[in-house]
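Make a model of the complete structure from these sequences and hints.
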Amino acid sequence: MQRVDAISMDYIQRDEEFMFDAVTIRRMERVVLGALEWRARSVTPLAFLGFFLSACFPPPRHPALLDAVKERAVDLLLRAQPEVKMAEFSPSVVAASALLAAAGEIAVAHLPAFQAAVAACPFVNSLRECGEVMAAVCGVVGVGVGVGPAASADTPVTVLGHGHYRSASSESDRTVGSAANVADAKKRCMGPPSQWG
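Numbering (UniProt numbering), first residue to last: 1 to 197.
Take these hints with a grain of salt, some might be off.
Distance ranges between label pairs, derived from CB positions [stated by the list, open to error]: (1) P60 to I25: 23 to 29 angstroms; (2) M19 to D67: 24 to 30 angstroms; (3) A35 to P60: 44 to 50 angstroms; (4) A120 to R26: 31 to 37 angstroms; (5) E83 to A35: 18 to 24 angstroms; (6) D21 to V137: 39 to 45 angstroms; (7) K85 to A119: 17 to 23 angstroms; (8) V84 to F51: 22 to 28 angstroms; (9) A113 to A47: 45 to 51 angstroms.
Bear in mind the hints are in silico, worked out from the structure with no lab data behind them.
The structure displayed is predicted, hence computed values, not measured ones.
The beta carbon of each residue, even a glycine, is placed where N, CA and C say it ideally should be.
Shown next, in the form of structure tokens:
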């Protein structure tokens, strides 16, 4: 069984011949991370999710929508974590790819503006390659496209549909899967991962 709580300095220093202070411990941590070439980053893409959502997600920013996109991105990150090729990309690129894929599935109306804002961020290179690897690893067909089994012809954009369903003439309140706005859906489509970034 693994030890869950951290080891205290008193436990480490119970032998008199080994005396460590906080500076020495930090230095040892840096040496270990330097030897690993800082590749201990399987969880660090999670730290970038909040940044990309707050800086790049277009208004209006509904908390429920942001939570759904973030939850789906976390799911994609956790599913892609065991893949060795994901370590080739910086954590920010992995987080951006996961958020773009999640936004393509959940927030299709916001996707073009979100994609443009993420692409404008500095240090987000190799986004296309990372998106392709994530699509292959997670088994998501057409990552970022947003057309999936949940898209139906009569599904309103919001969960409750504001208490009633809109008429067929109100195309803006229907999902991308609606037969009435197929041309608009093609314009909003992000395209295959090979066209990212």
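Where does the structure disagree with the numbered hints, that is, which hint numbers, in rising order?
1, 2, 9
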